[in-house]
Amino acid sequence: MRTFLISLVFFLFSSVASAAPLQSPVPLSPEHEEPRYLALIKNNSPSEVEMLFHRASMLAERVDNLNAYEPIVFVLHGEEAHAFRHRNMEQHKALLDLAERLEKNNVIDVRICETWMRANDVDRSELPEFVDTVPLGPLEEVRLRKDGYIYF
Amino acid sequence: MSTSDIYIGLMSGTSLDGIDVAAIDFSQYLSIVATHSETIPDTLKKEILQLTQPNPDEIDLMGKVDIELGKLFAKAVNTLISQTKLSKTQIQAIGSHGQTIRHRPEFGFTLQIGDANIIAEHTGITTVADFRRRDMAASGQGAPLVPAFHKAVLHNPAKDRILLNIGGMANITYLPADNSKITVGFDTGPGNVLMDAWIHKHKALSYDHNGKWAQSGNCDIKLLEKLLSLPYFHEAPPKSTGREQFHLDWLTHQLEGFNLSPEDTQATLLELTAASIVSAIQSHVASESFELLVCGGGSRNNALMQRLKQLLPYNDVSTTDKVGINADWMEAAAFAWLAKRCLEGKTGNNTDVTGADGERILGAIYQA
Ligand SMILES: Nc1ncnc2c1ncn2[C@@H]1O[C@H](COP(=O)(O)OP(=O)(O)OP(=O)(O)O)[C@@H](O)[C@H]1O
Ligand SMILES: [Mg+2]
Chain V
415 MRTFLISLVF FLFSSVASAA PLQSPVPLSP EHEEPRYLAL IKNNSPSEVE
465 MLFHRASMLA ERVDNLNAYE PIVFVLHGEE AHAFRHRNME QHKALLDLAE
515 RLEKNNVIDV RICETWMRAN DVDRSELPEF VDTVPLGPLE EVRLRKDGYI
565 YF
Chain Y
184 MSTSDIYIGL MSGTSLDGID VAAIDFSQYL SIVATHSETI PDTLKKEILQ
234 LTQPNPDEID LMGKVDIELG KLFAKAVNTL ISQTKLSKTQ IQAIGSHGQT
284 IRHRPEFGFT LQIGDANIIA EHTGITTVAD FRRRDMAASG QGAPLVPAFH
334 KAVLHNPAKD RILLNIGGMA NITYLPADNS KITVGFDTGP GNVLMDAWIH
384 KHKALSYDHN GKWAQSGNCD IKLLEKLLSL PYFHEAPPKS TGREQFHLDW
434 LTHQLEGFNL SPEDTQATLL ELTAASIVSA IQSHVASESF ELLVCGGGSR
484 NNALMQRLKQ LLPYNDVSTT DKVGINADWM EAAAFAWLAK RCLEGKTGNN
534 TDVTGADGER ILGAIYQA
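Line by line, the protein sequences are chains V and Y.
Start counting the first sequence at 415; every next residue gets the next number (my numbering).
Start counting the second sequence at 184; every next residue gets the next number (my numbering).
Where hints are given, some of them may not hold.
[Said to hold, decoys possible] When the alpha-carbon atoms are kept at most 25 angstroms apart in a straight line, the in silico DMTMM-like pairs for lysine to aspartate or glutamate are as follows: (1) V:Lys560 to Y:Glu474; (2) Y:Lys258 to Y:Glu230; (3) V:Lys456 to Y:Glu418; (4) V:Lys560 to Y:Glu418; (5) V:Lys560 to Y:Asp343; (6) Y:Lys395 to V:Asp537; (7) V:Lys456 to Y:Glu439; (8) Y:Lys422 to Y:Glu471; (9) V:Lys560 to Y:Asp361; (10) Y:Lys492 to V:Asp546; (11) Y:Lys395 to V:Glu528; (12) V:Lys507 to V:Glu462; (13) V:Lys560 to Y:Glu471; (14) Y:Lys492 to V:Asp537; (15) V:Lys560 to V:Glu448; (16) Y:Lys422 to V:Glu528; (17) Y:Lys268 to Y:Asp511; (18) Y:Lys492 to V:Glu462; (19) V:Lys560 to Y:Asp499; (20) Y:Lys342 to V:Glu448; (21) Y:Lys384 to Y:Asp200; (22) Y:Lys492 to Y:Asp343; (23) Y:Lys384 to Y:Asp432; (24) Y:Lys364 to V:Asp561; (25) V:Lys560 to Y:Asp535; (26) Y:Lys492 to V:Glu528.
I should point out that these hints are in silico values taken from the structure, not numbers from a laboratory.
Let's have the full structure, built from the sequences with the hints guiding it.
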């Protein structure tokens, strides 16, 4: 389980003041008035990601100008990322088509962890061009959180 | 022509890889005149490790180790001097950090041993020791102490700099180019300590040379996330840590439920060191265009350095060798500098980083 993310969320939203005297885990910068979102992936399954894509799509429908919109970031570094490999494309066609369309429309921004890729022998060429890669997924999430991104 | 202003720094860090001694001449900026590394006998190493965890009868053992270490520190200094043309009269003082056997800032308690009476007696050189506790008495963490030294010798008005020391633990000092901004310094978490413990357990080696063994495995992201969820990584500075927090039993406990090969675990531990450092920088350093200067034994670990460079692709990452201070001797040089400050009646702590109520003269003087 993604205890790290869960604990971040716990610290942020918990009203239990008697918990350990911890400060907010990552200082949030208040510069951006518009909320920017980061997907919270809990089960690391393709179906969960597909469900979150649909939610992202629904959220974007309420936005007037998608060009001025900050896409919802999906940092993938678990089992779910296998769905994006060419060899699994047939099996996850609906997910991939949706991802490509939402990427094109600036609704989502998928980033796959290079460290996960190395551990799973996944070459960049096995992944669709529309996804980005980042050196280390968990670190990317910390960075985004620091930049004021919140989980959706 | 200037007269020499030589101090000896004596450092024995958490890694227990050896006692570092360096003679530093401060007459013109800073030059490392001579260095020596003294091996710690295995039995003494074991006793020190035993003292870092609560045990019965520890006061007697502490007394024994305090004396043995004092003698070994003195021997290290005498060896250094005999290997150079220096005479003892040229040396103003020794600054001895001592061996930390307990660091509990939450209780206002830290203890470094290696009797300085013995060092002064056996070397005939004035010795300054016990640098941390005055800062704690003034409500500080007693650590890290090196940032004041970093600021004194490595501040660059043209560039934001971060000094990163990767010893047993890892600590950073952020020196903003703009001197009016505060210095940020704290322990980011484990440096080499977990990697050393893990390779020692599985291969009876004292460290993973250049991270080769780690590179033969793969980082497990789930384990990494679990380790990174430790509250320490999310606390705001000032903060400091040690073997009390990061040790083999803790790691073994964390590994429960994971079925990883030893090399995958090692790869994950290397990643933990790199990621916790970078995450600490991203969370607490208000600069994106800094230069990162690395020192301590971890700066010699090629795999770790390469990883830091990959995780900070837009920053200059190099060792302090680049700015003229050999990365292996930075910590020893810092305690030479602290001894000088003490003898000159000058303060040695940076309150921005220790959180102390005020600047204090650090250290107790044991006259020659
Ligand atoms: N070539 C290398 N490859 C990998 N690791 C290295 C290499 N050289 C040194 N090290 C690591 O550096 C450690 C020693 O570092 P150092 O002496 O800076 O730590 P320390 O004595 O604990 O100091 P402190 O904790 O006070 O900063 C060794 O235990 C080892 O893990
Ligand atoms: Mg050392």
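Query raised in the report: Given the hint that Lys492 (chain Y) pairs with Glu528 (chain V), does the C-alpha gap stay at or below 25 angstroms?
Result: holds, 14 angstroms
Requested in this report: Would you check the hint for Lys456 (chain V) and Glu439 (chain Y), treating anything up to 25 angstroms between C-alpha atoms as holding?
Outcome: holds, 20 angstroms
Query raised in the report: Has the given pair, Lys560 (chain V) with Glu448 (chain V), been kept, meaning a C-alpha gap of at most 25 angstroms?
Result: Within the cut-off at roughly 15 angstroms; holds.
Report task. For the pair we were handed, Lys492 (chain Y) and Asp343 (chain Y), check the Cα-Cα distance against 25 angstroms. Result -> Roughly 17 angstroms between the alpha carbons, so the hint for Lys492 (chain Y) and Asp343 (chain Y) holds.
Report task. For the pair supplied as a hint, Lys342 (chain Y) and Glu448 (chain V), confirm whether the alpha-carbon distance does not exceed 25 angstroms. Result -> violated, 32 angstroms
Query - Hint consistency between Lys384 (chain Y) and Asp200 (chain Y) [alpha-carbon to alpha-carbon, up to 25 angstroms] - result: holds, 16 angstroms
Query - Restraint status (C-alpha distance of Lys560 (chain V) to Asp535 (chain Y) at most 25 angstroms) - result: Within the cut-off at roughly 22 angstroms; holds.
Report task. Please work out if Lys492 (chain Y) and Glu462 (chain V) have their alpha carbons no farther apart than 25 angstroms. Result -> Since the Cα atoms of Lys492 (chain Y) and Glu462 (chain V) sit roughly 34 angstroms apart, the hinted pair is violated (cutoff 25 angstroms).
Query - Pair hint Lys560 (chain V) and Glu471 (chain Y), alpha-carbon separation not exceeding 25 angstroms - result: Cα-Cα ~13 angstroms, so holds.
Query - Distance restraint between Lys507 (chain V) and Glu462 (chain V), which requires alpha-carbon spacing of 25 angstroms or less - result: Holds, because 15 angstroms separates the two Cα atoms, which is no more than 25 angstroms.
Query raised in the report: Given the hinted pair Lys456 (chain V) and Glu418 (chain Y), is their alpha-carbon gap at most 25 angstroms?
Result: Measuring from Cα to Cα gives roughly 24 angstroms; hence the hint holds.
Query raised in the report: Straight-line Cα separation of Lys395 (chain Y) and Asp537 (chain V) no greater than 25 angstroms?
Result: Status holds; Cα separation ~22 angstroms.
Hint check: violations occur at hints 16, 18, 20; the rest are consistent with the structure.
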